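Asker: Fit chain B with the ligands to the known structure of chain A by using the hints.
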Amino acid sequence: MYKILKAEKLADKIILMDVLAPRVAKHCQPGQFVIVKMDDKGERIPLTICDYDREAGTITIVFQEVGASTTKMADLKEGDAFRDFVGPLGCASEFVNEAPEELKKKKMLFVAGGVGAAPVYPQVKWLHEHGIEADVVLGAKTKDMVILEQELEAVSGNLYVTTDDGSYGRSGMVTAVIEDLVQKEGKNYDVCVAIGPMIMMKFVCLLTKKLGLPTIVSMNPIMVDGTGMCGACRLQVGDQIKFACVDGPEFDGHLVDFDQAMKRSQMYKTEEGRAMLKLTEGDTHHGGCGNCGGDN
Amino acid sequence: MADVLKKVPVREQEPKVRAANFEEVCLGYNQEEAMEEASRCINCKNAKCISGCPVAIDIPGFIKEVKEGNIEEAYKVIGKSSALPAICGRVCPQESQCEGKCIRGIKGEPVSIGKLERFVADYALEHDINPEGPETTNGHKVAVIGSGPSGLTCAGDLAKMGYEVTVFEALHELGGVLVYGIPEFRLPKQKVVAKEIEKVKELGVKFETNVVIGKSTTIDQLIEEEGFEAVFIGSGAGLPMFMGIPGENANGVFSANEYLTRSNLMKAFDDSYDTPIAGGKKVAVVGGGNVAMDAARTALRLGAEVHIVYRRSEAELPARVEEVHHAKEEGVIFDLLTNPKEIFVDDSGNVKGMKVIKMELGEPDASGRRRPVEVPGSEYEIEVDTVIMSLGTSPNPLISSTTKGLETNRWKCIVADEEFGKTSKEGVYAGGDAVTGAATVILAMGAGKAGARGIDAYLKNR
Ligand SMILES: Cc1cc2nc3c(=O)[nH]c(=O)nc-3n(C[C@H](O)[C@H](O)[C@H](O)COP(=O)(O)OP(=O)(O)OC[C@H]3O[C@@H](n4cnc5c(N)ncnc54)[C@H](O)[C@@H]3O)c2cc1C
Ligand SMILES: Cc1cc2nc3c(=O)[nH]c(=O)nc-3n(C[C@H](O)[C@H](O)[C@H](O)COP(=O)(O)OP(=O)(O)OC[C@H]3O[C@@H](n4cnc5c(N)ncnc54)[C@H](O)[C@@H]3O)c2cc1C
Ligand code: SF4
Ligand code: SF4
Ligand code: FES
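Quick note, the sequences are listed as chains A and B, same order.
Per full-length UniProt numbering, the first sequence starts with residue 1, numbered consecutively.
Per full-length UniProt numbering, the second sequence starts with residue 1, numbered consecutively.
The shape of chain A in the complex, shown without the other chains (with noise of 0.2 Å):
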């Protein structure tokens, strides 16, 4: 069992934990993630590792709830434990890999877009460590939902943030902001990192390609084991098939196949749109929503 340290709501539907994993701290790097299970007959749910303390052995995640297991997963308190915790899994971000002197010779750009500050704030917290300034675009739909702001404020160069209703920070999508910085306001980037839902990370690439601009992003297709075994989480990058869980899951944008990733993630809807209903109300679904006829 893996015991939960912290349970903290930063926003709607947005929660964060800290996980004592020792083995996973030890050795995990920014851009690995891990899989979590709640109990006995619950899913292996990926997500990715948002900060780690190697002393105290703990990994911290911090994941949206989007269907049933992730809005169980809300419930559970400190002191809860989850059943399994695996990790890291995934490869590190490229620049972990790369000569000190050649990364700082880089300007970098990271781009995140709602829960995809999570994936965003430790890669941005290892380049500060290593003595990296890069530049954040934070952005989010409203106010309430920007997430991590002083964590990344603390660790980024140039901290940008968004929101789509101009309710914080500048106003629109992430997109308009990067536009803005490179075409209005001068900057130049040698790399874009673009994390957050998958349509997003479309039209970052659409833009930056344009922009010729290189970028990674973190491809979060459905998964099963995370070690390679099944190829549920298989892409099509350029004209090669990958495994996110072994080959990524970051990969370049601009070879990256959206429209098919973003229709395998809906592979499951309407299984999962039943169980949420099971969920939510319980064994008075059956039959209820006109989608599914029922289990009979």
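Think of the hints as simulated: they come from the structure by calculation, not from any bench.
Hints are supplied without guarantee of correctness; some may be wrong.
To be verified - Far from chain B, by Cβ distances over 10 Å, these chain A residues were calculated: (1) L20; (2) V66; (3) D75; (4) K125; (5) K141; (6) N158; (7) G172; (8) G212; (9) R264.
Said to hold, decoys possible - With a cut-off of at most 20 Å between alpha-carbon atoms, the simulated DMTMM-like pairs for lysine to aspartate or glutamate come out as follows: (10) B:K80 - B:E109; (11) A:K41 - B:D271; (12) B:K101 - B:D347; (13) B:K195 - A:D40; (14) A:K202 - A:D239; (15) B:K191 - A:D40; (16) A:K26 - A:E55; (17) A:K41 - B:E173; (18) B:K281 - B:D270; (19) A:K26 - B:E224; (20) B:K189 - A:D39; (21) A:K263 - B:D347; (22) B:K206 - B:E225.
Quantities reported herein were computed from a predicted structural model and do not represent experimental measurements.
Don't be surprised by glycine CBs; every beta carbon is placed ideally from N, CA and C.
Answerer: Chain B with the ligands alone, transformed into the frame defined by chain A:
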């Protein structure tokens, strides 16, 4: 009195009934039936059957005890050579191993060695009879990677010799393919697999789940930082292959591993578990091995019409004959000498059909089997909503790519000798599918035993 040339028939669930449930298909012998079948064994002096068994169980020895009703004694005889008899009795390809060599098979049917072994092992599980316990520990620490049959066997054997063994497993359950691949209706998880693993635990073996070697820690770190003096790699061959045909990334195309893992490991067939599975209404399973049969029969039980699409003919099907027989009885349709060319996808990204081509058998290839060649112009379309690719698997490079000085061959298999499982790296031994590529449970067990011998010799001579 029954016909002595024939096996005592084994009771099975009716095909119509079992096609709709996940309970075990074969019900096994009771003691009376087992004793009757045992009496068909003529206790050969130079027993050929033993040479057909990769772990050389003293087959006439244990059958003699069964004949006399001494089931506990029979279990002890088997226990000397095999740590997982309830499993092997169920899944070994007996027709090409022990039973394939049995003298009785020349004129009639061979002795039903597998079913007898299963009976003895089940009896031991039910009556809590344990294998001979460990001596006092010798203080030497050995790490075993993977809890499939090779790892379990190696760990069990080393524990019996007095080593302090820890098994590291990447998944959240123990058993490897036995829990994530082979379905419940062929190998019950709680009743059989979990109980046999319990026996390995009783020998003093420690288990740590959720540890991916190569990620959570490495072999070098196990040796340098955690004090393990030797390591056995039994990590299997889990990486699924795809065909590389158009449409293969559509929703509704699965590797057999994914389909089976969702159903077996994650128990998607049971509504009270959270993991979903898209069972499909009309399913094509591509391939003809045990894995393909398991995927097909799982899809059938989830309510689909199922076709096996296999490019050679029935004679070449690599699956156990019993599985092919069971699949047919249950209503799986065999589209033989047929191969997929393309998968058709609708606008939402879902499978809507598949183009296949007829094949004929040409000259024998390297495997000795006649090579299938396409019949020009014979393409046609079949309507399916799900395609399960069961084309074989290869070893995962996670371990070999993170371990200094560990030699692999061009199929990414770890290079290890057969007798002791010795690899190119000192103190590191390997066996099972990780070395041979996808093979069988009993070969993996044999390799686990070899590894245990190798590690024992290595640590004694240090
Ligand atoms: C490598 C990786 C890292 C991830 N890191 C994080 C993280 O740090 N924080 C976080 O909140 N989430 C993260 N995710 C996504 C997270 O795993 C999913 O949100 C979660 O599995 C949903 O489970 P559920 O049962 O609650 O929802 P479901 O009921 O499975 O899904 C609800 C809805 O979300 C969609 N969906 C399902 N899976 C995903 C997915 N992987 N990505 C996007 N949409 C999906 C479905 O189409 C469905 O409509 C990550 C995913 C991967 C693969
Ligand atoms: C669906 C299916 C049906 C089959 N049917 C039969 C049959 O009827 N009869 C028969 O004889 N054989 C059958 N086989 C083949 C047989 O199951 C395998 O040959 C056998 O299980 C191999 O054993 P193993 O110990 O080498 O590996 P596995 O059983 O594959 O176990 C390897 C274990 O190592 C773990 N692992 C892998 N990498 C790591 C890592 N980096 N760190 C930690 N742990 C790791 C895996 O999670 C797994 O648990 C079947 C296989 C499948 C897939
Ligand atoms: S272990 Fe397998 S091959 Fe050996 S006797 Fe038993 S069933 Fe036959
Ligand atoms: S070959 Fe057949 S008859 Fe002879 S000992 Fe073996 S099982 Fe018995
Ligand atoms: S999640 Fe199974 S291979 Fe990636």
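Asker: All the hints need checking, so say for each whether the structure fits it.
Answerer: Now for the hints, and whether the structure bears them out:
The beta carbon of L20 (chain A) is kept farther than 10 Å from every beta carbon of chain B, the shortest such distance being approximately 13 Å. Every CB of chain B lies more than 10 Å from the CB of V66 (chain A), the least distance being 14 Å, so the non-interface label holds. The non-interface label for D75 (chain A) is consistent with chain B: the shortest C-beta to C-beta separation is roughly 14 Å, beyond 10 Å. Its beta-carbon lying about 21 Å from the closest one in chain B, K125 (chain A) satisfies the requirement of being farther than 10 Å from that chain.
With a least beta-carbon separation of about 26 Å from chain B, K141 (chain A) lies farther than 10 Å from that chain, consistent with its non-interface assignment. Distance check for N158 (chain A) against chain B: the nearest CB is about 34 Å away, which clears 10 Å, and the non-interface claim stands. G172 (chain A), annotated as away from the interface, keeps every beta carbon of chain B farther than 10 Å; the closest lies near 30 Å. Remark: the non-interface label on G212 (chain A) is consistent with the geometry, its nearest Cβ contact in chain B lying 29 Å away (cut-off 10 Å).
Chain B draws R264 (chain A) into its interface by the beta-carbon criterion, the shortest separation being 6 Å against a cut-off of 10 Å. Annotation: proposed proximity of K80 (chain B) to E109 (chain B) is violated, straight-line Cα distance about 27 Å (limit 20 Å). At roughly 10 Å between alpha-carbon atoms, K41 (chain A) and D271 (chain B) fall within 20 Å of each other, so this suggested pair holds. Between K101 (chain B) and D347 (chain B) the CA atoms are separated by roughly 55 Å; this puts the pair beyond 20 Å, and the hint is violated.
Between K195 (chain B) and D40 (chain A) the CA atoms are separated by roughly 18 Å; this keeps the pair inside 20 Å, and the hint holds. With a C-alpha separation of about 18 Å, the suggested pair K202 (chain A) and D239 (chain A) falls inside the 20 Å cut-off, and the hint holds. Between K191 (chain B) and D40 (chain A), the direct Cα distance comes to roughly 17 Å. Compliance with the 20 Å bound is thereby established for this hinted pair. Under the criterion of a C-alpha separation no larger than 20 Å, the hint pairing K26 (chain A) with E55 (chain A) is consistent with the structure, at around 8 Å.
Among the hinted pairs, K41 (chain A) with E173 (chain B) is consistent with the structure: their alpha-carbon atoms are about 12 Å apart, no more than 20 Å. Taking the CA atoms of K281 (chain B) and D270 (chain B), the gap is about 18 Å. The hint holds against a cut of 20 Å. Distance hint between K26 (chain A) and E224 (chain B) is fulfilled; the C-alpha atoms sit about 15 Å from each other, no more than 20 Å. Taken as a hint, the K189 (chain B) and D39 (chain A) pair is honoured in the structure, with Cα atoms around 18 Å apart against an allowance of 20 Å.
Straight-line distance between C-alpha atoms of K263 (chain A) and D347 (chain B) comes to about 10 Å, which keeps the hinted pair within the 20 Å bound. For the hint pairing K206 (chain B) with E225 (chain B), the CA-to-CA distance comes to about 18 Å; that is within 20 Å, so the pair holds.
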